[in-house]
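Protein chains: 2
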Amino acid sequence: MNQQKYNFRAVKPAEIEALSMAMIEKELPHPIDETLAPIIKRVIHTTADFDYADNLVFSENVVEHALKTLRGGCHIVTDTNMAKAGINKTTLLKYGGQVSCFMAEEDVAAEAKARGVTRASVSMEKAAKIREPLIFAIGNAPTALIRLYELIQEQQIQPKLIIGVPVGFVNVVEAKELIMTAGVPFIVARGRKGGSNVAAAIVNALLYYPGD
Amino acid sequence: MNQQKYNFRAVKPAEIEALSMAMIEKELPHPIDETLAPIIKRVIHTTADFDYADNLVFSENVVEHALKTLRGGCHIVTDTNMAKAGINKTTLLKYGGQVSCFMAEEDVAAEAKARGVTRASVSMEKAAKIREPLIFAIGNAPTALIRLYELIQEQQIQPKLIIGVPVGFVNVVEAKELIMTAGVPFIVARGRKGGSNVAAAIVNALLYYPGD
Numbered sequence: 014m015n016q017q018k019y020n021f022r023a024v025k026p027a028e029i030e031a032l033s034m035a036m037i038e039k040e041l042p043h044p045i046d047e048t049l050a051p052i053i054k055r056v057i058h059t060t061a062d063f064d065y066a067d068n069l070v071f072s073e074n075v076v077e078h079a080l081k082t083l084r085g086g087c088h089i090v091t092d093t094n095m096a097k098a099g100i101n102k103t104t105l106l107k108y109g110g111q112v113s114c115f116m117a118e119e120d121v122a123a124e125a126k127a128r129g130v131t132r133a134s135v136s137m138e139k140a141a142k143i144r145e146p147l148i149f150a151i152g153n154a155p156t157a158l159i160r161l162y163e164l165i166q167e168q169q170i171q172p173k174l175i176i177g178v179p180v181g182f183v184n185v186v187e188a189k190e191l192i193m194t195a196g197v198p199f200i201v202a203r204g205r206k207g208g209s210n211v212a213a214a215i216v217n218a219l220l221y222y223p224g225d
Numbered sequence: 014m015n016q017q018k019y020n021f022r023a024v025k026p027a028e029i030e031a032l033s034m035a036m037i038e039k040e041l042p043h044p045i046d047e048t049l050a051p052i053i054k055r056v057i058h059t060t061a062d063f064d065y066a067d068n069l070v071f072s073e074n075v076v077e078h079a080l081k082t083l084r085g086g087c088h089i090v091t092d093t094n095m096a097k098a099g100i101n102k103t104t105l106l107k108y109g110g111q112v113s114c115f116m117a118e119e120d121v122a123a124e125a126k127a128r129g130v131t132r133a134s135v136s137m138e139k140a141a142k143i144r145e146p147l148i149f150a151i152g153n154a155p156t157a158l159i160r161l162y163e164l165i166q167e168q169q170i171q172p173k174l175i176i177g178v179p180v181g182f183v184n185v186v187e188a189k190e191l192i193m194t195a196g197v198p199f200i201v202a203r204g205r206k207g208g209s210n211v212a213a214a215i216v217n218a219l220l221y222y223p224g225d
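These protein sequences, in sequence, are chains L and B.
Counting from 14, one number per residue, gives the positions in the first sequence under the working numbering.
Counting from 14, one number per residue, gives the positions in the second sequence under the working numbering.
Calculated from the structure, these hints are not laboratory results.
Some clues are possibly wrong.
Copies of the same chain are indistinguishable here, so a pair counts whether it falls within one copy or spans any two.
[Said to hold, decoys possible] Keeping only pairs whose Cα atoms sit at most 20 Å apart, straight-line, the calculated SDA-like set for lysine to any residue is:
hint, residue 1, residue 2
1, 102, 115
2, 139, 129
3, 39, 204
4, 39, 182
5, 25, 187
6, 25, 109
7, 25, 167
Using the sequences provided together with the hints, build the complete structure.
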């Protein structure tokens with residue numbers, strides 16, 4: 014049988030992740046900070062891309078801030094329904110948290126069209142009205158980060174954490190550099206790479222962080 | 014203002030994608046097949062990873078087969094809710110299609126646990142009972158591809174297309190090689206890379222394919 018030819022590893026479903034993480038650990042291009050390791054390794058687990066051992070940038074003590082916010086119950090806002098779908102809602106709910114994405118809402122689309130801005134930009138304004146501790150998980154739209162930066166400057170919003178990992182070619186690199194200057198705790202994938210999957214992986218890495 | 018410093022391109026929301034695609038076209042490491050280009054470029058657009066110019070493998074005439082199936086109305090099955098969330102349902106519905114993911118269903122989890130197999134494996138068995146033209150978009154679980162291979166060998170299922178792009182470290186490379194021998198049209202990301210985002214991007218590239 015063909016299956017034999019490929020030498021599948023006999024591994025129980027529950028063991029796959031631990032084995033993957035051990036392989037990632039072994040193949041890391043260089044040692045990584047112990048506090049940041051669970052996040053970096055989960056992003057590599059999600060992408061099989063070791064570039065993330067180098068391009069993730071963390072503000073000072075960001076993990077400590079993030080865990081405090083997440084474990085105290087918070088509202089996570091994403092810029093794609095994919096990122097929302099990828100976040101572990103069971104664990105988030107356990108901490109009293111919730112996750113929203115406003116991108117597909119009709120009023121957001123209508124307003125964006127009328128004003129000639131992106132839906133992501135309008136979504137951020139909508140999120141700014143939420144009166145709970147806020148975490149942003151941005152995996153797609155650089156305009157979300159640009160609008161967040163402006164809202165922070167205008168003191169309309171004070172996010173507890175911005176996960177800034179949009180992917181792409183137009184204004185993405187620049188928007189990520191900008192958000193790192195906003196004075197808010199951040200985790201950013203510097204450069205073009207990122208994505209909704211990366212945004213969700215970072216949230217999940219924080220949700221699964223050891224030492225609860 | 015800081016924003017000035019970063020030289021954002023003045024580009025309208027509707028133009029971002031076309032500009033991104035033009036940049037990708039220009040940076041491709043080598044010329045790519047014209048028929049496959051819309052798929053390869055959309056995956057690079059989704060990941061900012063030019064490795065996909067080389068690691069995507071296509072069975073013969075797969076685009077032609079896939080378009081015929083998609084445009085005739087079909088049932089797409091994914092192995093994550095993220096991939097399901099990322100597929101353009103409006104366009105899919107226009108063609109009379111639908112998309113399902115069985116991973117989070119309680120009976121699937123219970124049966125997987127009882128049998129000591131993955132939920133992905135049980136999900137594929139559930140999908141095999143669907144009596145409509147089937148496309149699989151697998152971005153996460155190598156066991157989904159292994160089970161699909163077995164179900165095809167047992168003549169329990171005859172998918173019209175398998176998008177086999179799970180990401181990861183354990184049995185992923187091998188499962189992708191296996192599915193390419195199943196005798197079913199495929200699009201596979203050879204190697205470790207892939208993901209739910211890549212699976213959704215490939216479906217969307219086919220949904221948006223020119224010449225409808």
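Each hint, compared with the structure:
| no. | hint | in the structure |
| --- | --- | --- |
| 1 | 102 with 115 | both (17 Å within a copy, 17 Å between copies) |
| 2 | 139 with 129 | within (16 Å within a copy, 45 Å between copies) |
| 3 | 39 with 204 | between (25 Å within a copy, 18 Å between copies) |
| 4 | 39 with 182 | between (31 Å within a copy, 12 Å between copies) |
| 5 | 25 with 187 | between (43 Å within a copy, 16 Å between copies) |
| 6 | 25 with 109 | neither (32 Å within a copy, 39 Å between copies) |
| 7 | 25 with 167 | neither (52 Å within a copy, 24 Å between copies) |
Hint violations for this structure: numbers 6 and 7, all remaining hints satisfied.
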